[in-house]
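Engineer: Given next are the chains, with one letter for each unit.
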Amino acid sequence: MSNENLVSRRGFFMKMGILFNGLVAAALTVPIVGYLLSCITRGRANAYLSWVPLGPVSEFPEGETRLATFRNPYVTPTDGKTVDTVCWVRRVEGEQFQVFAINCAHLGCPVRWFPQSGLFMCPCHGGAYYRDGSRASGPPERGLFEYPYKVQDGMVTIQAGELPTPGSPTASLFGNKAPCGARNELVSIESKLSASSETNALLRKTKTWA
Amino acid sequence: MGVIGQIGQWFDQRLQLAAPIRDAAEHPVPRNTASWFYVFGSAALTVFLLQLVTGILLALIYVPSASEAWSSLQALNHDVTLGWFIRAMHGWGSNFMVAIVLIHMVQVFLFGAYKFPRELTWIVGVFLLLMTLGMAFSGQVLRFDQDAYWGLGIGASIASRVPIAGPIIVKLMLGGPIIAGATLSRFFALHVFVIPGMLIGFVCLHLLMVLKLGINEWPMPGRLVKRATYEDEYHQLTRKDGAPFVPYAVWKDLFFAAFILLAVAACALYFGPFGPTGRPDPTIIQTAPKPDYFFLWLYGLLSYLPPSMETPALLIGPVVVIAFLVLLPFLAGEGEKSWRRRPIAVLTVLLIAIILGTLTHLAGYTPWSPHMNAWSGDPVPEQFLHGRTALERQGALVFQVKQCRNCHSLGDLGGQRGPALDSVAVRLTQDQLIRQVIQGGGNMPAYGKNLSPAETTALVAFLETLHPRGQAPARDAARDIALSEDKDQRQAAPR
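Protein sequences appear in the order of chains E and V. For the first sequence, this note's numbering gives the first residue as 371, with consecutive numbering after it. For the second sequence, this note's numbering gives the first residue as 13, with consecutive numbering after it.
If you're looking for bench data, these hints aren't it; they were derived computationally from the structure. Heads up, a few of these hints could be off.
No farther apart than 30 Å at their CA atoms in a straight line, the calculated lysine-lysine pairs in the DSS-like style are these [to be verified]:
no.	chain 1	residue 1	chain 2	residue 2
1	V	Lys252	V	Lys238
2	E	Lys520	V	Lys461
3	V	Lys302	E	Lys451
4	V	Lys302	V	Lys264
Modelling step: build the complete structure from the supplied sequences, incorporating the hints.
Structural biologist: Here you go:
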């Protein structure tokens with residue numbers, strides 16, 4: 371047996387040393403990655419979402435759309451004003467509401483409501499939405515994001531806590547479906563207008579949802 | 013030997029750096045590279061060092077907390093002696109750095125310096141460009157104002173479109189479910205530790221390769237790069253027609269570096285610091301956020317891409333561009349270096365420059381954005397009201413009140429999202445006007461539900477008056493016939 375085939379004592383210890391470092395590094399990776407990824411859920415799935423009140427029903431007159439402010443349910447000490455968020459509340463009639471995110475469905479800029487023309491307009495790239503939140507024109511691919519709401523003890527309450535973005539799961543859960551009110555309105559548009567190709571496309575889409 | 017010499021020797025005996033530094037400084041470079049075209053790399057390094065120094069100075073006052081950052085910027089601007097100047101230097105330094113890095117890249121590309129054996133220098137340079145842009149974006153976030161807040165929203169909206177992983181990427185980017193304290197903290201870590209650390213490492217690698225491989229010789233049309241012979245040819249060139257980098261070529265770098273620093277300081281003095289704009293308060297929605305100068309082209313692009321193209325372009329576009337830049341030296345690693353014999357290279361640079369320049373210019377006045385206050389702020393020019401009937405004037409009122417003006421200009425005032433309506437009556441007949449107003453289309457919302465028949469009648473009556481003097485409004489010839497037939501029938505009926 372030649373010496374070359376033998377593992378020297380120092381060579382063995384060096385390899386063991388590398389292995390030992392590898393094991394320690396792997397063990398340390400777990401807490402580091404866990405720390406880094408904790409911002410995705412902070413514990414459990416949808417831990418960020420909860421029901422927050424917007425105000426009593428009486429603050430929102432029927433047929434009107436008003437701006438409401440709420441505090442994000444998840445707050446950290448250095449957040450400052452950033453946790454105060456606004457949304458557009460449309461009281462269709464009675465206890466039927468639509469609560470729209472302030473963020474344009476295109477790239478998230480704050481949309482403004484113009485009651486005179488019944489449109490939401492975005493100052494960034496010019497997206498426009500009808501009063502029911504459906505897309506009117508411009509670059510957005512869809513209507514405004516809607517928060518799920520319920521009326522509890524005379525208070526309008528919404529489920530909020532995440533920035534609505536085109537790809538967020540909350541957006542696909544609650545916003546992609548046309549709300550009941552919107553569907554009725556689209557049908558009424560159909561009866562009033564000899565529908566243009568755009569309205570037609572919109573209606574076809576709505577019907578497939580229904 | 014003087015005292016200073018002795019001290020120097022004492023240090024060098026221990027550090028042993030004098031010889032390698034002298035070698036590096038005096039390494040021979042081809043004589044014709046001592047050119048004003050070759051100063052942009054060192055200028056970029058100079059501005060980077062300026063950014064390091066001014067950045068550290070700002071960090072003495074700046075507070076990376078969503079609740080304090082904005083006020084600490086106000087303190088820098090107004091309370092701290094010369095704080096405004098340091099902010100302005102850092103802000104202008106950032107603009108200069110992006111610009112110089114881009115110019116350096118174009119020069120390297122047009123002079124064929126990315127070819128063999130400098131492929132890796134180019135690739136590292138591509139990453140340096142990406143990091144510079146990353147610094148520019150994260151720096152804009154640290155200036156935590158309204159633009160920064162909504163800019164983050166735009167970033168999150170783009171990131172969320174990544175299939176499957178989108179929502180996770182958004183939360184990693186924001187450090188939580190919304191733009192808040194954690195978001196600013198992590199962009200601070202990126203801007204101050206992570207990216208600068210990588211930048212310093214990559215800059216060292218980049219410089220090391222420039223020293224080891226030598227400065228790219230001045231490209232001569234017809235002198236082709238071949239892998240087998242290039243290195244010998246280059247060494248012959250530096251032996252025959254070379255000169256030591258210091259002092260033969262370095263004086264131009266020194267002059268240009270000083271000039272750039274002076275230019276940054278002059279801009280800082282004259283124009284002052286950037287922002288901060290309004291407080292980063294999401295309840296203030298009367299805002300039209302805009303990105304910093306070097307991302308304006310992206311703002312323009314996002315307005316003009318058709319909706320169906322947007323997500324693919326946003327997600328695939330950057331991958332394709334970066335892949336192309338990285339692969340470039342492998343696709344064209346040999347051959348002609350001179351831009352005089354590389355027309356496609358020159359045209360590509362021109363095309364990209366024109367596209368980016370045009371989009372940036374357009375984003376300067378955002379013709380795609382509605383003017384949110386035009387309906388209440390911009391007056392209807394007198395000539396459109398003079399001598400009009402009551403109905404037509406009522407129509408002008410409807411035109412303003414229904415926010416038509418936000419997207420349509422009259423007399424050059426108002427939004428430019430839709431066409432100017434000064435002479436709309438020449439283009440559209442009455443029927444077409446009614447149809448357009450009620451049904452919308454062609455990127456205009458339908459107003460059918462928001463106008464009463466009386467309002468529509470008045471509005472269209474006003475729109476029909478919008479034609480140049482002496483030019484008749486458009487009319488549908490068939491309509492006259494149809495109406496006259498109608499009249500004939502009515503007249504015939506009683507008989």
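Engineer: Each hint needs a verdict: does it hold in this structure or not?
Structural biologist: Against the structure, the hints come out as follows:
1. V:Lys252 - V:Lys238: Distance of about 20 Å is within 30 Å: holds.
2. E:Lys520 - V:Lys461: Holds, because 28 Å separates the two Cα atoms, which is no more than 30 Å.
3. V:Lys302 - E:Lys451: Holds, at roughly 21 Å.
4. V:Lys302 - V:Lys264: Cα-Cα ~38 Å, so violated.
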